[in-house]
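Student: Residue-level listing of the chains:
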Amino acid sequence: MSDNNPYIPMPVQIAKITNEVDTNDIKTFRFTFLNKEDEEKFKYTPGQFGELSIYGKGESPIGIASSPTELGYVEFTVQRAGTIVPGLVTAALHDLDEGAQIGLRGPLGNSWPIEFLENKNIVVVGGGFAFTTLRSLINYMLYKDNRKRFGEITVVYGARNPGLLLYKDELAEWEKRDDIKTIITVDKGNETWKGREGFVPAVCKDTAPSPKDAVAVICGPPIMIKFTLPVFFELGFSKENILTSLEMRMKCGIGKCGRCNVGSQYVCKDGPVFSLAELDQLPRDF
Amino acid sequence: MDFEPKILGIACNWCTYTGADLAGTTRLQYPQNVRVVRVMCSSRINPSFIFRALQLGADGVLVGGCHPGDCHYNTGNLYARRRLATTKKILEFAGIEPGRFRVEWISASEGNRFAEVVEEFTTQVKNLGPQTKLKIQE
Amino acid sequence: MLKKTAIEKISQLAAVLMEKGTLLAPVKEVAGHNFAEINDPQKVDLNFYNTIISPKGAFFPPKEDFIKYKIGKTITEAEQIKVDSKPVFLFGVRPCDVKSFSIMDIHFNAAGIIDPYWSQRRKATTIFGYAYDLNQPVDAADFYNSLGIYAADPEGSDIFMVKKDKDLLLKGITPKGEELLAQLNTLVDAGKDDEKYYEETLKKGKEYKTRFLCIDQDVIAKKLEAVFNNNDFWTKVSSACLSCGACTFVCPNCYCFDICDDTIFGKGTRRRVWDACMFTDFTLEASGHNPRTQVYQRLRQKINHKYSYHVKKYGVISCVGCGRCTRSCPVNIDIYSIVEEALKL
Amino acid sequence: MTDFKKIEENLKKEAKRLLESGEVTVVLAYGKGFDEKHPMPFAAKSVADVDNIVFNEYCNYNMARYLVRYPQGTKIAIAVKAADSRAVIQLIQEEKIKKENLVLLGIPVIGMKNPKTDEVIDSKTTCGMHNPVLYDVLLGEEVHGQKIVSPYDVLAEYEAMDKDARWQFWKDQFDKCIRCYACRKACPMCYCDPCFIDQNKPKWADKAPQSPGNIMYHLTRFHHLAGRCIDCGECSRACPVDIPLYLFHKKVAKECEEMFNQVSGMSIEDKPVLVNFRVEDSDKILE
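Chains as they are written, first to last, in the working numbering: chain A, 1 to 286; chain B, 1 to 138; chain C, 1 to 345; chain D, 1 to 287.
I should point out that these hints are in silico values taken from the structure, not numbers from a laboratory. Each residue gets a CB set at the ideal place from its N, CA and C atoms; glycine is no exception. Do not rely on the hints blindly, as some may be mistaken.
Said to hold, decoys possible - Chain B is faced by these chain D residues, among others (derived, beta-carbon under 8 angstroms):
#	residue
1	W167
2	W204
3	V263
4	M266
5	V273
6	L274
7	F277
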């Protein structure tokens, strides 16, 4: 049983911690596997998530932020939760140093449908902290062997202020590249901010990506999604071609514990990625 | 070996804790069985603290506060008196020896009194023996 | 093979089974009967209608320890808890509850990742089904007939038992049951009239009527989907609901659980415990968002899960009509009536 | 004996009048269940709903439980038996509801029964009063001339127990608990969200249904209801495994009554005893 018990986490070590934002409450953790064979087992696709597991505290489902093309490690960007519900795991994780060992279960859930995305133009729209699995997708598509499998890539990424943008170094790198169109926006800039100001929906409208052979991948806070979707409908994107990732309270991550269902679908196993067309089939219970 | 009880002392910052300090600085001898935790006022004591302490292995719980009328916050200990009296009755009806829980008013100047109370209470708990009812078995 | 024993001598049978493994059987408690691990063979009591809590705990216990660890030690030093592989005898399960195991099997033992705890426990267990006493009146809350289950259905049991006056007839149903039955030397061979009685009971079981409602699973699944947004309906049926977990905890088909870390004295256990979709914090996310804050949303989730989502996902209604939820509900909410009303909409 | 049919008629009549005139938007009363013996709590929101109202000896529910579910300011009429009216008073004391938003339909009753056992529960598991303490409309004849039985009489047996035996008794009872939380959900005075037991910081007890956590949950709950419990017996009636919670609540209520000289839920002028004090409270109570 021990080898195939889906409830037992595999041991990983924190190899690197990156502080992503000014407020110090979002960090990216790079984990390496203590057992080489676990790395084999942890074959993932962008859009999947893992259960970060700290004994004595609990488990947290977190989207994988690294791309499968990055070998030898896996990265998670974690926000310290706790304004309303005290987040035990994320708080404990934030207090750990490099070298500490924790548990990881995964990879869990479905993923961004890579085959479906192939040979299409991809519009990635992200808001705030929800950019993590999108980063995984972008890095996967930009990987030298993969790039030719996808059409044009457009990224619209917004945050409330410049200090809250994740992965700043990578964003700068992408902006330099010519095989990806990167548009970064903030709701409100500061003295040093030279980039764009404005909300994501408005920026999407300005950018006006063509719906022809295109798929929009949208992740962000509910308010952003609410105002961005009409923009894409107006542009002519069909519901089948708009993808998003749902969030629900999860525990087991393998469709057993029964709490993350939306209709007959378990977000942890049948999701978290759904197209709007699929979501229309489900009751509004999320 | 003699049974040495573990006693949790919860002392109010303004009176009993200072009183305990005084007992220390005046080098009064009293049993070392009491581990004191400081709270700002005896009314800050959640009754669950007492249940939890007994569950985690305390053989007795001693609560100290200012004399009624002397509360730093005017009325805190008057609320505490009613609340802790109820706690005692609950422990009693659950079948836990009421002698394991005691509330005393000890002022900042009563170092002697603190030593006395600890002495008395420790003996009392010692006589009751180890608290096994609520204690969680390891 | 049909065997028999006097019900008076049931403790002898219990003692034999206890020697062979763990015996789970109904015992009398203050509020009624419940399944419990038997330490004293005299405690086994077959004089019951049905237990308060379903026997699902035999495979899906209220708490299942996964891992034990020490705080401050590294993760690799944690110790996995193995399931005891001793044979288990689950004694005296009513036909509707036996049916519930096969429904739960789809979720835990067939679809997607196999749950190792459920599957191991299931493998190690021999189920002694036990027909309802057809001479006793049926409880008003039961409605297993509506789900196509009858009072004396041996299906799913390894050994099926029927009460005949002062005797208990035991029939091997599966090879596993036959084999065990052959080993139980406290039993005697049954006579011809016993055979006849057994067969007749199975037949008569069909006429032992509980409440009946014609439930076509696809119709009810579609219906509930259609009335999902009918807030008036859901508010009305949930106006009495207290949102406690009694119904889900006694239910033989509710499988929701929580995984939690319980720590004390520097040691901890990661375990799963039963959870209920009726609790407010069941779906409370770390962000503070909660998709089901209202009582009607939670009750809707419960009914839909059993009669709609489960049908869509696994092709069968996740309810066996044992009537426990109705009996245990502090305010007598009756799932049967709700389904009935939903069908009328 | 109480004329249940008469009360049912009056209840329907009043409910109809109140809903028709628009005086209230909800009438909290009792409705038909799946059979006679199992009526349900019922919220009538329109005149059409009134037909569903019933009243019989099994309508034990304390409808005050549902008051806090409606937004502040909702005009509600509520059917109250003796203990239920005390719950309403207690809720008013705790400022969860306002008297001016309520119409209390008082039901004087004797002979309420436990549907499981069919035994009369008047003073055994509930407060033993027959007439509502506070009401706007009385739906039946006041009950008088009954032998007054103290609700605390049932305690004698347990008070006489040796403390070790009493501990064993309670431990066995709490070990049965499956933590379905029906007790706190059925209780009209348990309205905290989240309940202390659901908190994860501080985490007071294990989530698993096992002895230490169960004891912590129940002891603390008894404490939280000290001086507030109005002895309606709903917690023990709701319990699927029949833990006699009412005994402990009665004992705490009795002690509070003796110590602080105030019975819970008797006057809307009172303050709950544990959020109140008197300078002249005696230190004797601590002994």
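Student: Taking the hints in turn, state whether each one holds.
Tutor: The hints, checked one at a time:
no., hint, in the structure
1, W167, "holds (3 angstroms)"
2, W204, "holds (6 angstroms)"
3, V263, "violated (15 angstroms)"
4, M266, "violated (18 angstroms)"
5, V273, "holds (6 angstroms)"
6, L274, "holds (6 angstroms)"
7, F277, "holds (4 angstroms)"
In this structure, the hints that do not hold are numbers 3 and 4, in rising order.
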